[in-house]
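Go ahead and model the full structure; you've got the sequences and the hints to work with.
Protein chains: 2
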Amino acid sequence: MTGAEIEHLIKLLARLPGFGPRSARRAALHLLKNRETLMRPLSQALSVAADVIVECPECHNLDTTLPCALCANPARDASQLCVVEDISDLWAVEKTGAYKGYYHVLGGTLSALDGIGPDDLSIPHLLQRAARPQVREVIVALSATIDGQTTAHYLSEGLRAAGVAVTQLAHGVPIGGQIDYMDDGTLSTALKSRKAV
Amino acid sequence: MTGAEIEHLIKLLARLPGFGPRSARRAALHLLKNRETLMRPLSQALSVAADVIVECPECHNLDTTLPCALCANPARDASQLCVVEDISDLWAVEKTGAYKGYYHVLGGTLSALDGIGPDDLSIPHLLQRAARPQVREVIVALSATIDGQTTAHYLSEGLRAAGVAVTQLAHGVPIGGQIDYMDDGTLSTALKSRKAV
Numbered sequence: 001m002t003g004a005e006i007e008h009l010i011k012l013l014a015r016l017p018g019f020g021p022r023s024a025r026r027a028a029l030h031l032l033k034n035r036e037t038l039m040r041p042l043s044q045a046l047s048v049a050a051d052v053i054v055e056c057p058e059c060h061n062l063d064t065t066l067p068c069a070l071c072a073n074p075a076r077d078a079s080q081l082c083v084v085e086d087i088s089d090l091w092a093v094e095k096t097g098a099y100k101g102y103y104h105v106l107g108g109t110l111s112a113l114d115g116i117g118p119d120d121l122s123i124p125h126l127l128q129r130a131a132r133p134q135v136r137e138v139i140v141a142l143s144a145t146i147d148g149q150t151t152a153h154y155l156s157e158g159l160r161a162a163g164v165a166v167t168q169l170a171h172g173v174p175i176g177g178q179i180d181y182m183d184d185g186t187l188s189t190a191l192k193s194r195k196a197v
Numbered sequence: 001m002t003g004a005e006i007e008h009l010i011k012l013l014a015r016l017p018g019f020g021p022r023s024a025r026r027a028a029l030h031l032l033k034n035r036e037t038l039m040r041p042l043s044q045a046l047s048v049a050a051d052v053i054v055e056c057p058e059c060h061n062l063d064t065t066l067p068c069a070l071c072a073n074p075a076r077d078a079s080q081l082c083v084v085e086d087i088s089d090l091w092a093v094e095k096t097g098a099y100k101g102y103y104h105v106l107g108g109t110l111s112a113l114d115g116i117g118p119d120d121l122s123i124p125h126l127l128q129r130a131a132r133p134q135v136r137e138v139i140v141a142l143s144a145t146i147d148g149q150t151t152a153h154y155l156s157e158g159l160r161a162a163g164v165a166v167t168q169l170a171h172g173v174p175i176g177g178q179i180d181y182m183d184d185g186t187l188s189t190a191l192k193s194r195k196a197v
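So the protein sequences, as listed, match chains H and R.
At position 173 of the first sequence the residue is numbered 173 (this note's numbering), and the sequence of numbers has no breaks.
At position 171 of the second sequence the residue is numbered 171 (this note's numbering), and the sequence of numbers has no breaks.
What the hints contain is simulated information worked out from the structure, not anything from laboratory work.
Bear in mind the structure is a predicted one, so any value in this text is a computation, not a measurement.
Treat the hints with care, since some could be wrong.
[To be verified] Subject to a maximum C-alpha distance of 30 angstroms in a straight line, what follows is the list of computed BS3-like cross-link-like pairs (lysine-lysine):
hint: 1; chain 1: H; residue 1: 100; chain 2: R; residue 2: 11
hint: 2; chain 1: R; residue 1: 11; chain 2: H; residue 2: 95
hint: 3; chain 1: R; residue 1: 195; chain 2: H; residue 2: 11
hint: 4; chain 1: H; residue 1: 100; chain 2: H; residue 2: 195
hint: 5; chain 1: R; residue 1: 33; chain 2: H; residue 2: 100
hint: 6; chain 1: H; residue 1: 195; chain 2: H; residue 2: 95
Below, the structure written as structure tokens:
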């Protein structure tokens with residue numbers, strides 16, 4: 001019905017997260033209608049990024065330099081290490097501007113179901129980094145899911161053995177959150193962790 | 001926070017329909033994690049498609065050949081012409097397998113608000129094609145929206161003057177549709193167009 005080249009393009013686009021066959025079709029048409037302003041620049045940007053972006057051997061972030069811009073920045077606080085599951089989490093924390101230490105990307109969470117153990121993640125490397133004398137606190141910023149919390153628990157044991165303080169993100173009602181829309185778990189945690197005002 | 005190359009890639013991805021800044025970020029990470037299996041092939045497919053895909057001068061479909069595979073197929077019924085708004089509509093009709101004639105892509109609908117008149121669309125070309133002796137019926141397959149129906153009305157006047165039969169898609173309850181979820185307009189149209197069983 002359409003050229004093999006369009007079908008091939010739609011098939012690849014459909015593999016992007018958030019895209020299905022129908023939205024990939026729409027995106028392909030949109031790209032073909034904007035060839036010079038979007039399609040060719042995107043092709044170029046993909047190829048350039050695939051060439052120049054490398055994983056930082058220190059924190060496992062992605063950047064064009066080795067080590068990455070975050071690890072190479074001497075102005076950051078070397079006493080703090082923030083552990084995140086994925087690079088998107090690192091970006092989210094960094095966007096807040098509330099954290100000035102260094103990062104460590106695990107690359108996933110422990111999962112008995114999926115057979116993911118400590119050696120499949122960058123956990124041994126994290127323990128090495130945490131053992132350095134300048135590190136005083138490791139902030140475990142993992143998702144408040146079962147796998148995230150299991151991993152956080154596992155990490156805190158290993159890290160305490162390395163002699164650093166281990167903290168985790170506060171749980172409670174999100175800013176802007178409405179009480180009657182909160183689930184029981186969040187509300188009871190928020191109640192237990194209540195603070196004097 | 002991240003390399004300029006990643007930011008540039010995210011900005012371009014965010015311009016795809018259905019993507020926003022957050023989903024573009026997720027897609028960029030997914031691409032970077034699948035460089036050889038997805039990122040480079042996608043870059044390649046975009047560049048190849050941008051090079052080889054052209055608009056058919058006959059029906060305004062997109063394909064790699066001139067005229068397109070549909071127009072070049074002599075087995076199709078030359079007495080029928082199906083008018084659609086966009087190429088995605090052509091794909092949708094073609095996918096049903098219920099239509100064997102030729103197509104004509106308008107490239108939009110008439111819109112007084114957006115200042116789109118007949119000459120901004122391929123309407124003059126449609127009237128030319130409809131005037132050919134072999135064409136007996138023009139099926140107007142435009143959306144059941146205000147602009148779509150205004151355009152359909154405009155077309156039917158011009159086409160009848162060219163001496164061809166003009167038909168349009170039936171309106172009614174979609175297959176699988178539940179009566180109590182239908183809007184008043186659809187239900188009253190379906191009632192008025194009821195058929196003997």
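Status of the hints after comparison with the structure:
no.	hint	in the structure
1	100/H <-> 11/R	holds (26 angstroms)
2	11/R <-> 95/H	holds (16 angstroms)
3	195/R <-> 11/H	violated (41 angstroms)
4	100/H <-> 195/H	holds (25 angstroms)
5	33/R <-> 100/H	holds (26 angstroms)
6	195/H <-> 95/H	holds (26 angstroms)
Violated hints amount to a single one, hint 3; each of the other numbered hints is respected by the structure.
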